[in-house]
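**Student:** Sequence:
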Amino acid sequence: ERRLVRHCFENCAAKCSASASSKGLLDIDLLHSIVVGLATTLSHPAASKFEVEAGCRQVVMKSCMSLNSYASDRDYEAKLKVVTECARAIGGKIQEVVRELVDLIGGQVEDIEELLLDDIRSTEERYFDEYLAGIKTTMNRCVKVGWVCENLEEYVYNEQDDSVHPQVIFPGYLSTSLLSIIRFRAQVLKALGDTMRKAVGESYQMITVKTAASECLKGICNEIHSKMSIIREMQAEKLVSELSFIVKTLDPYLSDYQLEDMLSDRKDALCSKVGRNFQEGADSLHYMEQLQKLGRLYVLCLDKNV
Numbered sequence: 027e028r029r030l031v032r033h034c035f036e037n038c039a040a041k042c043s044a045s046a047s048s049k050g051l052l053d054i055d056l057l058h059s060i061v062v063g064l065a066t067t068l069s070h071p072a073a074s075k076f077e078v079e080a081g082c083r084q085v086v087m088k089s090c091m092s093l094n095s096y097a098s099d100r101d102y103e104a105k106l107k108v109v110t111e112c113a114r115a116i117g118g119k120i121q122e123v124v125r126e127l128v129d130l131i132g133g134q135v136e137d138i139e140e141l142l143l144d145d146i147r148s149t150e151e152r153y154f155d156e157y158l159a160g161i162k163t164t165m166n167r168c169v170k171v172g173w174v175c176e177n178l179e180e181y182v183y184n185e186q187d188d189s190v191h192p193q194v195i196f197p198g199y200l201s202t203s204l205l206s207i208i209r210f211r212a213q214v215l216k217a218l219g220d221t222m223r224k225a226v227g228e229s230y231q232m233i234t235v236k237t238a239a240s241e242c243l244k245g246i247c248n249e250i251h252s253k254m255s256i257i258r259e260m261q262a263e264k265l266v267s268e269l270s271f272i273v274k275t276l277d278p279y280l281s282d283y284q285l286e287d288m289l290s291d292r293k294d295a296l297c298s299k300v301g302r303n304f305q306e307g308a309d310s311l312h313y314m315e316q317l318q319k320l321g322r323l324y325v326l327c328l329d330k331n332v
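The sequence shown maps to residues 27 to 332 in the numbering used here.
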């Protein structure tokens with residue numbers, strides 16, 4: 027019977043490893059079915075306790091190793107797929123296997139449960155960290171798109187007729203950044219829904235959007251700081267409005283107090299370029315209204331309740 031148990035788990039490990047390396051799947055259901063099947067096959071299951079526990083560990087370890095080979099050379103969507111598989115296993119599938127182990131071999135199985143979860147958690151942590159790193163890289167690129175317009179005419183309102191304003195175009199770096207945040211949110215929502223990341227007690231979706239939002243604002247602040255010497259008064263006026271708009275839009279996802287200090291410093295530096303209270307200008311108020319109108323769709327897509 028012990029040889030039979032070893033043979034069953036070796037076959038299971040081979041099949042699970044193949045699914046993991048080729049499709050990015052963590053097939054805990056197959057492991058569960060093997061454990062259930064052994065309950066009707068073995069005459070003295072408790073005598074094979076060591077082989078059963080070792081077999082379960084072997085299946086999970088080999089599957090995680092194969093998931094590594096699947097995701098290591100693929101894009102960030104593949105890494106998110108591995109995270110999704112691991113999250114589902116951590117969220118309940120491993121516990122189902124453990125319940126069957128209790129019925130099969132009896133006694134205490136907390137140790138094997140923790141070992142199985144540790145293997146899966148380490149894989150989940152590795153690839154979720156890599157996914158978040160990819161988000162940061164993307165956001166750092168987005169904030170550089172069309173950042174400061176070189177044509178000052180686009181910043182000047184009609185001096186002869188104060189009632190006429192030029193057409194306002196939504197800034198490229200804002201649209202690119204917000205679209206990327208929305209795309210990341212949609213990716214995680216599709217893959218994981220509102221699944222909680224047990225290690226931190228927060229949903230994967232919220233962690234993803236918070237990371238993207240924080241990196242977006244850090245990138246914008248860094249761009250402002252690096253270009254402060256060439257920013258003109260009219261550009262500074264627009265940038266203060268744009269900074270206020272993006273902060274208001276992403277506010278539900280911001281919790282970094284150091285970032286708040288950085289934003290305050292950059293806004294103060296821009297206002298000093300203007301040389302007056304930014305909010306007093308009618309042209310500035312008009313520009314802010316146009317930003318809110320043009321960016322309404324982004325705001326709706328990033329609503330926490332959507």
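Read the hints as simulated data drawn from the structure, not as lab findings. Possibly wrong hints are sitting among the right ones.
[Stated by the list, open to error] FRET-style restraints, in silico, Cβ to Cβ:
1. F196 / R114: 37 to 43 Å
2. S59 / F196: 18 to 24 Å
3. E103 / G172: 22 to 28 Å
4. S148 / E315: 46 to 52 Å
5. R83 / K330: 24 to 30 Å
6. G172 / M91: 42 to 48 Å
7. I256 / D277: 37 to 43 Å
8. M91 / I256: 47 to 53 Å
9. I195 / D144: 51 to 57 Å
10. K224 / G160: 18 to 24 Å
11. G117 / D277: 54 to 60 Å
12. E122 / S148: 41 to 47 Å
13. L323 / S148: 22 to 28 Å
Here the structure is a predicted model, which means the values were calculated and not measured. The C-beta atom is built at its ideal place from N, Cα and C for all residues, glycine as well.
**Student:** Next, verify each hint and record whether it holds.
**Tutor:** Do the hints match the structure? See the list:
no. : hint                    : in the structure
1   : F196 / R114: 37 to 43 Å : holds (39 Å)
2   : S59 / F196: 18 to 24 Å  : violated (54 Å)
3   : E103 / G172: 22 to 28 Å : holds (26 Å)
4   : S148 / E315: 46 to 52 Å : holds (50 Å)
5   : R83 / K330: 24 to 30 Å  : violated (40 Å)
6   : G172 / M91: 42 to 48 Å  : holds (44 Å)
7   : I256 / D277: 37 to 43 Å : violated (29 Å)
8   : M91 / I256: 47 to 53 Å  : holds (52 Å)
9   : I195 / D144: 51 to 57 Å : holds (52 Å)
10  : K224 / G160: 18 to 24 Å : holds (22 Å)
11  : G117 / D277: 54 to 60 Å : violated (30 Å)
12  : E122 / S148: 41 to 47 Å : violated (21 Å)
13  : L323 / S148: 22 to 28 Å : violated (40 Å)
Violated hints, in rising order: 2, 5, 7, 11, 12 and 13; the structure is consistent with all others.
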